[in-house]
Structure formats: structure tokens, C-alpha cells
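*Asks:* Residue numbers (this note's numbering), protein chains in the order written: chain A, 1 to 356; chain B, 1 to 265; chain C, 1 to 287.
Take these hints with a grain of salt, some might be off.
To give an idea of the chain B side of the interface with chain C (calculated C-beta under 7 Å), a few residues [claimed, not checked]:
1. Pro27
2. Pro92
3. Val143
4. Trp224
5. Val247
In the SDA-like style, the derived pairs of lysine to any residue whose C-alpha atoms are separated by at most 20 Å in a straight line are [said to hold, decoys possible]:
6. A:Lys106 x B:Trp176
7. C:Lys93 x B:Trp176
8. A:Lys106 x B:Ser174
9. C:Lys93 x B:Ser174
It is worth saying that the hints were derived from the structure and are not from the lab. No experiment lies behind these values; they were computed from the predicted model shown. Backbone N, C-alpha and C define an ideal beta-carbon position, used for all residues, glycine too.
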Amino acid sequence: MSSFLEAIGISLVRGSANALENVDLTVEKGELLTILGPSGSGKTSLLRVLGGFETPQRADRLRIDGEDMLKQPPHRRPVATVFQHYALFPHLPVGANVEYGLRVRKVSREQRRARAQQALALLHLEGKYDRRIDELSGGERQRVAFARALVTEPKILLLDEPMGALDEHLRKALEQEIRTLQRDLGMTVIQVTHGREEALSMSDRVVVMNRGRVVQTGAPRDIFDRPATKFVADFMGLTNVLLGSVVLGAAPDAVSLQTDGGRFDGIWSGSAPPSQGQPAFLAVHPERLRRTITCSGNSLTGRLRGMTYAGVGWMVDLETPAGQISATISRHDASEDIMTFTWTPEDGPIGPVDVA
Amino acid sequence: MTDRVLQGVSRVCLAGGFALTGLIYAPVVWLAILSVSGDPLSGYPGGWSLRWYGALAQDGSWTGPMLRSMGLATIVSALCVAIALPVGRSLPRLRRGRSLLAAGFLIPLGVPGTVMGLLLFTFYRVVLGVRMGNWSLVLAHVVLALPFALIGMLIAVSRFDIGLLDAAADLGASPWRRFLDIECPLLMPGIVSAALFGFLLSFTELPRSLFVAGPYQTLPLYIWAEASSRSGHVPLIFCLNTLITLVSASAAAFMVLSLGRTGPR
Amino acid sequence: MQLRRPLAAGPLITWAVGASWAVIVLTPLLTGVGLSVLRHRGFRIVWSLTTRNYVDLLETGRIGVILHTAAMAALVSLTCLVCGFPLAVWLAKRAPGWAAQLVWMCLTLPFFLDPSARTLVLRLVLGTNGLVNGALLATHVVVVPQRWFLFDDLAIWLGLVGPYFPNMVWPIALSLMLIDDGLIDASHDLGAGQWETLRLVLLPLAAPGLLGGLVMTFIPALGDSVVPDLLGGGRHEYLADSIFSLSTAMNYAGASAMATIVFTLLGLSCLPVMLLRRRVVLRQAGA
Numbered sequence: 001m002s003s004f005l006e007a008i009g010i011s012l013v014r015g016s017a018n019a020l021e022n023v024d025l026t027v028e029k030g031e032l033l034t035i036l037g038p039s040g041s042g043k044t045s046l047l048r049v050l051g052g053f054e055t056p057q058r059a060d061r062l063r064i065d066g067e068d069m070l071k072q073p074p075h076r077r078p079v080a081t082v083f084q085h086y087a088l089f090p091h092l093p094v095g096a097n098v099e100y101g102l103r104v105r106k107v108s109r110e111q112r113r114a115r116a117q118q119a120l121a122l123l124h125l126e127g128k129y130d131r132r133i134d135e136l137s138g139g140e141r142q143r144v145a146f147a148r149a150l151v152t153e154p155k156i157l158l159l160d161e162p163m164g165a166l167d168e169h170l171r172k173a174l175e176q177e178i179r180t181l182q183r184d185l186g187m188t189v190i191q192v193t194h195g196r197e198e199a200l201s202m203s204d205r206v207v208v209m210n211r212g213r214v215v216q217t218g219a220p221r222d223i224f225d226r227p228a229t230k231f232v233a234d235f236m237g238l239t240n241v242l243l244g245s246v247v248l249g250a251a252p253d254a255v256s257l258q259t260d261g262g263r264f265d266g267i268w269s270g271s272a273p274p275s276q277g278q279p280a281f282l283a284v285h286p287e288r289l290r291r292t293i294t295c296s297g298n299s300l301t302g303r304l305r306g307m308t309y310a311g312v313g314w315m316v317d318l319e320t321p322a323g324q325i326s327a328t329i330s331r332h333d334a335s336e337d338i339m340t341f342t343w344t345p346e347d348g349p350i351g352p353v354d355v356a
Numbered sequence: 001m002t003d004r005v006l007q008g009v010s011r012v013c014l015a016g017g018f019a020l021t022g023l024i025y026a027p028v029v030w031l032a033i034l035s036v037s038g039d040p041l042s043g044y045p046g047g048w049s050l051r052w053y054g055a056l057a058q059d060g061s062w063t064g065p066m067l068r069s070m071g072l073a074t075i076v077s078a079l080c081v082a083i084a085l086p087v088g089r090s091l092p093r094l095r096r097g098r099s100l101l102a103a104g105f106l107i108p109l110g111v112p113g114t115v116m117g118l119l120l121f122t123f124y125r126v127v128l129g130v131r132m133g134n135w136s137l138v139l140a141h142v143v144l145a146l147p148f149a150l151i152g153m154l155i156a157v158s159r160f161d162i163g164l165l166d167a168a169a170d171l172g173a174s175p176w177r178r179f180l181d182i183e184c185p186l187l188m189p190g191i192v193s194a195a196l197f198g199f200l201l202s203f204t205e206l207p208r209s210l211f212v213a214g215p216y217q218t219l220p221l222y223i224w225a226e227a228s229s230r231s232g233h234v235p236l237i238f239c240l241n242t243l244i245t246l247v248s249a250s251a252a253a254f255m256v257l258s259l260g261r262t263g264p265r
Numbered sequence: 001m002q003l004r005r006p007l008a009a010g011p012l013i014t015w016a017v018g019a020s021w022a023v024i025v026l027t028p029l030l031t032g033v034g035l036s037v038l039r040h041r042g043f044r045i046v047w048s049l050t051t052r053n054y055v056d057l058l059e060t061g062r063i064g065v066i067l068h069t070a071a072m073a074a075l076v077s078l079t080c081l082v083c084g085f086p087l088a089v090w091l092a093k094r095a096p097g098w099a100a101q102l103v104w105m106c107l108t109l110p111f112f113l114d115p116s117a118r119t120l121v122l123r124l125v126l127g128t129n130g131l132v133n134g135a136l137l138a139t140h141v142v143v144v145p146q147r148w149f150l151f152d153d154l155a156i157w158l159g160l161v162g163p164y165f166p167n168m169v170w171p172i173a174l175s176l177m178l179i180d181d182g183l184i185d186a187s188h189d190l191g192a193g194q195w196e197t198l199r200l201v202l203l204p205l206a207a208p209g210l211l212g213g214l215v216m217t218f219i220p221a222l223g224d225s226v227v228p229d230l231l232g233g234g235r236h237e238y239l240a241d242s243i244f245s246l247s248t249a250m251n252y253a254g255a256s257a258m259a260t261i262v263f264t265l266l267g268l269s270c271l272p273v274m275l276l277r278r279r280v281v282l283r284q285a286g287a
């Protein structure tokens, strides 16, 4: 059974560097998939390969809905992109921008106008049909870019850092809107971003990329709770990372980590099975650490080093035998400077240390 | 202290700048005033009449050079657009050889007109033995105007966001449609300035034409010859020039306004 | 980001046009240099090397013509630079929109004025019964009409400065427009006075424009054929006259030798500019 989009064995060399190295990506119909990674990870290159703007040096397969795309130039591919800086045509008014895809498909004038109006209405842009692009706000431009991409009814919608240029509250509102729209229209969407929050909150599935490779693929919860590599753990904001070696346990994935500051139980999250004594990390999100007074199970005691006010509570930095850790607390007593924190094995995934 | 001196000096220089701008126009305006005077050659206006314009209309000797210059300017203008557009849009996107090519195209800017005229004549007439004619006029004028046309085009191209072509392709536009729908309208200031530079620089070119005109006479050559010799004809030149200046002025105004709209301001 | 696009023909066309340009336009320039060291007899070239053409130039004093013309062109460029830079700053940074558009237009038009026409009138204005003498006589500044206004270097300077002034202002103003206003504010904000801002921010960033302006006034002023002819009165010979008379005498090798000397001088004058640029670059890199 083949997927709606199959991109298998994609390699792209740019200059002397590998922009993409043997990347596999599959997307199912109606899915919202997010490609997540830092800048330079190859995520935008991958999107550009899908759009047809880059020709990969090597590709085993690139199919959309069963059709081969490798030989197709961008204008013959059934995808539409919302570009990072929107790339709206500055010499055309909003309406003509939205209609452009229909115009080149020789749709009649009346039909074009009707469909453009409909798309604009969907994005709450009624009445902006005759506006010039430079009269629009950033958020409005973004919506026009969406309308322009949607109106051609692409099989796959590609979003390149769609929230990149928007401010915080506008971003939150649009995230929800895109998600709703995508579900209502049953669209297949591939989004590229470096923001983990929008990746986690919007997606059906997340692909994490680093240095031109896919490092982990999974549901947002899996990525967050079971980072397959230390890179993913770091990128997911699991800032408390302890380093040590694996001690195998009773169940295949119930392993422990032996560190200089003690032994901690966790769940194996690597893609390959663990082996005894293998160098590994254990990662815990600061929010998952709970204050305790008993020292049973996974627990770390340390001396207070610093404290930052973080709105809902305080972020504290502790010096422990196993290394520096951060945690959040809701209230505190000025006199205490020794604290103990605990966490469940489920909250402390253990994975292999990346091979450099 | 230095600041105050600097401010004083720069004010004086700025005033000088305006004065120089005035110096460009004073002769032109004076020319126009004299052209409607009874005795332009006295150097003083007065005795207003249009009789010199009447005489100009009677005199047919300038129509030939005028028509030749107009035809020439049209061809040069078309050639400038035809060369500057494809070269200007792909020159900045070349992977290597960019500065070499740009320098090659701009070199004529560093060659004085008389020298360029001489060397073109020497090479084609003396060394190769080809007779001068319309072709050599076109060539010399294109050599003069193309660098300007290309600079205007390159400025327009540098303001063009290349991502727009990706966007158009993404929406299903073929390469030709992208060129016609997106690139051409957005490069229009460059195209217009290339066309106008080509036309107007050719229309007023003199030092190169002196060498390469062969048996033909262009309008500037005609005016120059008249101005240096037959003084009885000079008042007619005043009229002719006033008319030409009016036409060039409107063309230049059109150019500045059309460039200004999409320009840096 | 490197883009790969289906405009495959673009670079090819550019290289083809560039190659034709080199053959059609640049070859004649080089041929001139070659011709200047050959003997000739009218249209016929004798293929043997000689320094005769250069010796002739020295003996007939035509080297002095080149130098005199170059000095005049330099004076004209300098005048245009001194008056043009403040005007360019005003145009690019200070002028209200309508005024800027008006001045831009005024500075565009002269490109397209007929060279003889704009010069011819100066002859009437500066002549013995011209406007200037009339005004001076009327105000009793002078008692007899002055002849020296016309047919000398002063008239030529006046005749050249006006038409080529826009060539100086345009490139400087364009390069100034590209400077972010924030940079100037930042410089003032960091405690730099007008002078330091001018020296350390505006001048280095506008350097390409200044260079362009100098080239675009100096070169045409050097080669102008109309102004010396109509206003010079023959007291001093200028480059264009000289080249033209050599060419009418069919002494093409001699004319080519003159052109070669002009090229050499132009090349030499580029040297200090290049050294200066390197120093500026080094200083910026060091800072």
C-alpha cells in the first residue's frame, strides 16, 4: 500500500555540502505533517525538492497520489506553497494575486472571481479584493498567501515557515485557524518550521531533521516523550540531560542509566535496541520534575545556584552530584537552598548519545 | 567648531549646486526666449514674433537629418531594450564571470566620445575597409547608450525579488507566463529607462557621429554645422532646438515620474 | 539561497552577447593601441613597427593638448564634485518629496539636450555685446565690453560644468539613497559630529557613487567636441579638435597614438583610486 506522498532516498548536494542525505518522507492523505529542525537542517531544501524548485542529485522515488513527480517542473506539480515571506506579487491587487493560479489555468473571469472571493471569505478577508498588497498588514498578507495557494485546490499544501514573520499572538490565532481549515477541507499539509511549539500543537505527525538527515519521525507526543537522540531531546527543550551508561532492566525498554551521581530508571527511546554499558543520556523536562522530601525512586538533591522569575513560578538551577539541573517551582521559602526533585521513569527517556 | 565650519561650507556648496543646476537651464530658457524675438542674434530679446518659426517651417533642409535621427534613435532604443533586458536579468544570476562581463559592458563609459568615434572609425573603415553608413551610426550609438540602459536595468533587477518567480511557478505558470506576468511588469522601470536612454542619447549624440556618419547627416551634426558656420541660419536653430527641447523635456519628465513611482522614494 | 530555475537560456544569451560585444566594441579599442605603433600611408597600413607617431605628438605639442584638456576636465569634475555632493546629500536625505522629484527631473533633462544648442547660447550671452557685458556696462562695473569672457578657458569651463553636472549628482545620490538612514542616526547617536559622520559613514559608503560620478564627468568632459569648438575660439586646442584634425589629415596612426596616451593617463589616474579603495577596505577591516 503506497502513501499519498512518497519521497524515498532523496539526496541533494549544494556546493560541497550535503543539503539532504538519503531522506525518506511519506505523507498520508489528509495529514498535517510538520518538518521540524534548526536552520540549516535541510528542512526547507526538502520542501523545495517537493515543490520542484530543487532537483535532487539522487532520488529513488518521488510520487504524489501515485504519479511520478521527478521529471515535472514546478508549474506542473499538484502542490501549492505558502512561502516564508509570502512572495505576493507586489504589482497586482489582492484579488489578482489570489486568482493568479486560476488565470494561468485559463479559468473564466467570472469563475475566477467567484472562487477568489470564496477563498478570501474563508480566510476572513472579505472586502480586501481590490486592495493593494502594500496596504495590508503582515497577518493579512499571510492570509492572502494562504488564499492564493488554496484556490488552486492543490493535492498537497506546502507551508514554508508560515508563521516565521508574525508576532506571538497573531501566530497562535493562525495556528488554530490553519488546523481547523485543514481538518474541514481534508487537506494534506506539509509544514516546515523551527518552532517546536507550533510543531507539537498543530501536527498529526512530526519529522525532526538535523544536518540533512531525518533523525526521528512520530506523533508529537512520541517525539516529546521519547526523543530518539540527544539532539532531539535538546531540540524539544528537555534541558536536563544526564550522561552515563545503560544498565539493562527486566523489560526490553525498561533500562536504567548509571551516572556519577547515581542510577536512574527510565524508558528506552532509541530506535535501535539498547545494549549493556552503552553510552547514553537521560533527559527530563524541567516541568516534569516535582518537589519532594523523600529520596526514593529517581531523585536528585542539589544546592540552589540561581533562580529566575518565570511568571507562573520560578525556574531554579541546582548543582547536583549528577550535574546541573533546572526545575520549576510554584512557591519558595527564601531560607531553603537545598532541594530534592523526583520524576517517574516515564518522564525520563533514555537514549543513545549521538555519534558525532 | 569643525561642525559649524562644515555646515557653512556645505551650505555654500549646496547653493553652488543649485546655481549649477540653474546654469544648465539658463541657456535653454534664454534660447527659447530669443527664438520668439525679432532679432535673436543681437543677443537681446524683444520685438516678439513667431517669424523664425515660420521660416523654420519654410526651410526644408532640417527635415532629412531630423527623420534620420528619429529613425536612428528608434532603432537604438529598441536594440538597447533587446540587449539590456535579457543581459540585465541574467547577469546578476550568473555563477561566475559576473564582474568580468559587467566590466566589459561598462568599459565604453570610460572612453571619451571623440576617442570612441575615432577608434570605431579606424577599426571598421581603415583596418577592415567597410564603408560607414547607417549601421555604423547605430553601432556607435548603441555603444554609448547600452551601458546606461544596462545600469538602469540592473537597478530594476536588483529590486526584483526572485522568489516571486518561484511563487508563480508554484501556482502553475509556465516560464513564459512568469516572464510576461511577473518579470516584465516589475522590470518595467528598467525597460522604460533603457528605451528612453537609448532614444534620447542617440538623438543628441555628436562626437561619435562626427566620425562614423559616413555620407549621412544626423540632426545634431546638422545643428552643429549650422551653428558653427552659416550664421544667417542660426535663428532657425534656436527655434528647432526649442521645439526639440520641449519634446525631450516631456519625455524626461515622463521617465522620472514613471521611475519615481516604483523608485526608492 | 542558491536557486536553480528553468531560465537555462539566460546565462547563455548573456555570454553570447558579451562575446559579441567584446568582438564588435572592445576589439576596436585594442586595435587603436596596436595601430599607434605602426606606419601608415593614408588608408593603407604598413606593417612595420615605429615610435614615429609618438615622437610626432611630442614635436607638434599635442601632448600639451592632452594635458591641458585633462586639466580642464579635472577642474570641471572637481567643481561638479564640490557642488554636487551636498546637492546629492540634500536630494537623497533631506529634500521633501516634491522638491526631490522636481530637482531629479531638472537633472535628468540635460542628458537629452542637443550639445550644440545648449552651448550656442552661451556664445551670445558671453560675447562682447552679450548679456553679461551689457549688465556690467549698465552697472558701470566696466567701461568697455570685455572680450575675455568668451573664446578662452573660462568660457569652456562654464560650458562644460553645466551639462556634466548631473552626471556627478546622479550616481552619488543613488548610492546615498542606498544608505540606511538608521546608520546616520546611529552615528550621531554614538556621539559622532557632522564631520565624523561625513568622513566615517557617508563618504566610505558613497564611495562607489563618488567614483562613478567622477568617471562620468571627467570622461565626457575630456572628449567633448562641441564646447571647445563653439566657445574656445581656437586660442587653446583641445583633445577633440586635435584628434579630429589628425583624422581629417588621414593620420590615423597619430590619432590612435593620442587615444593610446589618453587611455594610459586614464589607467594611471585609476591607480590612486584603487590604492585609496584598498586603504579604505583595510581600515574598515581593521576597525
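*Asks:* Take the hints in turn and mark each one as holding or not.
*Replies:* Here is how each hint holds up against the structure:
1. Hint status for proline 27 (chain B) relative to chain C: holds, with the closest Cβ pair at about 4 Å, below 7 Å.
2. Here the hint on proline 92 (chain B) is broken, as its CB sits about 10 Å from the closest CB of chain C, past 7 Å.
3. Checking valine 143 (chain B) against chain C by beta carbon gives a least distance of about 5 Å; that is within 7 Å, so the hint holds.
4. Restraint check, tryptophan 224 (chain B) versus chain C: the minimum CB separation of about 4 Å is within 7 Å; hint holds.
5. Against a cut-off of 7 Å between C-beta atoms, the interface hint on valine 247 (chain B) is violated, since the closest Cβ of chain C lies about 9 Å away.
6. For the hint linking lysine 106 (chain A) to tryptophan 176 (chain B), the alpha-carbon distance of about 15 Å falls within 20 Å, and the restraint holds.
7. Taking the CA atoms of lysine 93 (chain C) and tryptophan 176 (chain B), the gap is about 40 Å. The hint is violated against a cut of 20 Å.
8. Between lysine 106 (chain A) and serine 174 (chain B) the CA atoms are separated by roughly 12 Å; this keeps the pair inside 20 Å, and the hint holds.
9. A hinted pair counts as satisfied when its Cα atoms are at most 20 Å apart, and lysine 93 (chain C) with serine 174 (chain B) does not qualify at roughly 42 Å.
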